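> Listed below, chain by chain, are the residues.
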Amino acid sequence: MFNIDLENVDLEKTFDLIVLGGGPTAIGCAIYAARFAMDVLVVGKTFGGLITTTHLVENYPAITSISGQGLMEMFRDHMNSLNIPYISDEIRSIDNLGDHFELNSFFQKFKAKSIVIATGSERKKLRIPGEDDFAGRGVSYCATCDGPFYKDKVVAVIGGSDSAAKEALFLAQSVKKVYIIYRGKEIRAEPINKQRVYSNEKIEIIYSTNIKEIKGDNSVKSVIFDNGEEFVLDGVFIEIGSIPNSDLVKPVGVRMNDKGEIIINRKSETNIPGIFAAGDVADSPFKQAITGVSEGVIAAYSAFDYVKEINIEY
Amino acid sequence: MSQDDRYKEIIKAEMAKLSKPIKLKVFTSQGTEADGSKIRACMDCGQFMALLRVYEENSNGMLTIKELSIDDNPEFAKRYDLTRVPTILFIDNKGREVIRYLAAPKGGEIQPFIQSIFTFAGMPNYYEATIKQNLSRINPSTIKVMITETCPYCPQVVQIVNNFASASDGKIRSIIIDIAANPDIGQYYDASGVPYTIINDQKTLVGMVGAPEILRALIGGNIRVQY
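Chains as they are written, first to last, in our numbering: chain A, 101 to 414; chain B, 1087 to 1313.
Worth double-checking, as some hints may not be accurate.
In the BS3-like style, the derived pairs of lysine-lysine whose C-alpha atoms are separated by at most 30 Å in a straight line are [what the hints assert, rightly or not]:
no., chain 1, residue 1, chain 2, residue 2
1, A, LYS251, B, LYS1289
2, B, LYS1289, A, LYS224
3, A, LYS209, B, LYS1257
4, A, LYS251, B, LYS1257
5, A, LYS224, A, LYS276
6, B, LYS1124, B, LYS1103
7, A, LYS321, A, LYS211
8, B, LYS1152, A, LYS113
9, A, LYS387, A, LYS315
10, A, LYS209, B, LYS1103
11, A, LYS253, B, LYS1192
12, B, LYS1289, A, LYS315
13, A, LYS209, B, LYS1180
14, B, LYS1289, A, LYS225
15, A, LYS321, B, LYS1289
16, A, LYS211, B, LYS1289
17, B, LYS1289, A, LYS312
18, B, LYS1106, A, LYS209
19, A, LYS209, B, LYS1094
20, B, LYS1289, A, LYS253
21, A, LYS253, A, LYS209
22, A, LYS302, A, LYS276
23, B, LYS1218, A, LYS113
24, A, LYS211, B, LYS1103
25, B, LYS1103, A, LYS113
Derived from the structure by calculation, the hints contain no laboratory data.
Note that the structure is a prediction, hence the values are computed from the model and not measured.
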């Protein structure tokens, strides 16, 4: 996974395919590319991606129940078994040079005949006073990471999605009380998780409420609701959705929708030949690990076809 | 296969690739029995050492781990400001501490620990060229990374920071702290989120940060793309 393998990898060469990202979409794509005998490199900021923050994954076929981290360890084992090199870095810009691309990071200039963008998404922020000030001191975006700090304390999960419900269920295992604070009238969790939330005595839902400020001293002490009420608690877990990590490819002319998602077709092609996209960063309406992997695998096949074509042209 | 067996397999497979020798020092606390024999006095040290021996035993003799008692080596303890056990120290050939672990390298922390062993031993380090190019702009720095065993982002940050330290010719020192095992340190810094990275006790980076952000925080300004 790490650059232990750098002894055997020439980073100066032109790769058939560079996959950007570290989540299931990226690794699924790389596994297929390696099986197509492509010279493939994965460059990701975070190995595992957002799914590693998921307490339980129970909808990945053939695996009844596993933690997000556990699932990605299996992906890593599979990737390692095929000797696919993975670099922990962040690409800052891409130059389209016609017959190949150059990808620039602070640490290296990479060259590739094709690219798959599988950079996923990142958590949205509330953008309210106190949110940044108390980051790591009572404001969290990852229950799996920070839940253990709130044993027997009172916390709130902000949001009403399935992810918010799962965060609340995870936190309820150790905290004294979890409030789900949601602006809507009914949480949007999958029915199975909604039922689990409703039947959990430690979880209480506060509907039709926004928070407009997070307050505290050294750590979070309360939040202020939009009706002016001050609500005392010890921690705030923000789970209000995500935004696609697509800024990187805007300057290359990759077309996006109004949400900033990369527009792809059924072959995971973007409008730029040689650049493919898959997973949460793409404009697919249903964003799941399994659908991301599927798009990533299709992207690998399309990249394989594309590289084969340009190799013939040489 | 149990999770522990799986981790042992990973350690075995990865450590077998170590091709350069490296020595690590591990400090524990040992008392002396009536018959003169030594017994570990710290609660977690036995398990900790057993874990480290798995790394050592699978390294084809390349990794040597020396266990020292903090009680029997007061001068050394004073020189390196050792107040906690168990502590792992990566000390370079000039006697400089490069990496300190106040954390057990298990679970998700196995990979970055192995990576740290490899780069400290002089095997390829992805960040080395850029760190060396920017050494004149980096002040002597200590980077503390607070982690927990369940944190999915922590191994990435640990890997980056330790590799920076290994490439820095003694200018950067990294300290990896498990705040579940050292809660007082977490409380001292008001850290209730991980990874929690502190540079020279001044700049704090909360959550997952990439290598560019850490380098920027070390240099304190713009960093140009350099190849």
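> State for each hint whether it applies.
Against the structure, the hints come out as follows:
1. LYS251/A with LYS1289/B: holds, 28 Å
2. LYS1289/B with LYS224/A: Distance ~24 Å between LYS1289/B and LYS224/A Cα, so the pair holds.
3. LYS209/A with LYS1257/B: Holds. LYS209/A to LYS1257/B sits at ~26 Å (cutoff 30 Å).
4. LYS251/A with LYS1257/B: violated, 38 Å
5. LYS224/A with LYS276/A: Holds - the C-alpha atoms of LYS276/A and LYS224/A are around 26 Å apart, at most 30 Å.
6. LYS1124/B with LYS1103/B: violated, 34 Å
7. LYS321/A with LYS211/A: violated, 50 Å
8. LYS1152/B with LYS113/A: violated, 41 Å
9. LYS387/A with LYS315/A: violated, 34 Å
10. LYS209/A with LYS1103/B: holds, 27 Å
11. LYS253/A with LYS1192/B: Distance of about 28 Å is within 30 Å: holds.
12. LYS1289/B with LYS315/A: Distance of about 22 Å is within 30 Å: holds.
13. LYS209/A with LYS1180/B: violated, 33 Å
14. LYS1289/B with LYS225/A: Answer holds: LYS1289/B to LYS225/A is near 22 Å, not above 30 Å.
15. LYS321/A with LYS1289/B: holds, 23 Å
16. LYS211/A with LYS1289/B: Violated. LYS211/A to LYS1289/B sits at ~35 Å, over the 30 Å cutoff.
17. LYS1289/B with LYS312/A: holds, 27 Å
18. LYS1106/B with LYS209/A: holds, 28 Å
19. LYS209/A with LYS1094/B: violated, 36 Å
20. LYS1289/B with LYS253/A: Since the Cα atoms of LYS1289/B and LYS253/A sit roughly 28 Å apart, the hinted pair holds (cutoff 30 Å).
21. LYS253/A with LYS209/A: violated, 47 Å
22. LYS302/A with LYS276/A: OK: LYS302/A and LYS276/A at ~7 Å, within 30 Å.
23. LYS1218/B with LYS113/A: Measuring from Cα to Cα gives roughly 23 Å; hence the hint holds.
24. LYS211/A with LYS1103/B: Holds - the C-alpha atoms of LYS1103/B and LYS211/A are around 27 Å apart, at most 30 Å.
25. LYS1103/B with LYS113/A: Holds: LYS1103/B and LYS113/A sit about 23 Å apart, inside 30 Å.
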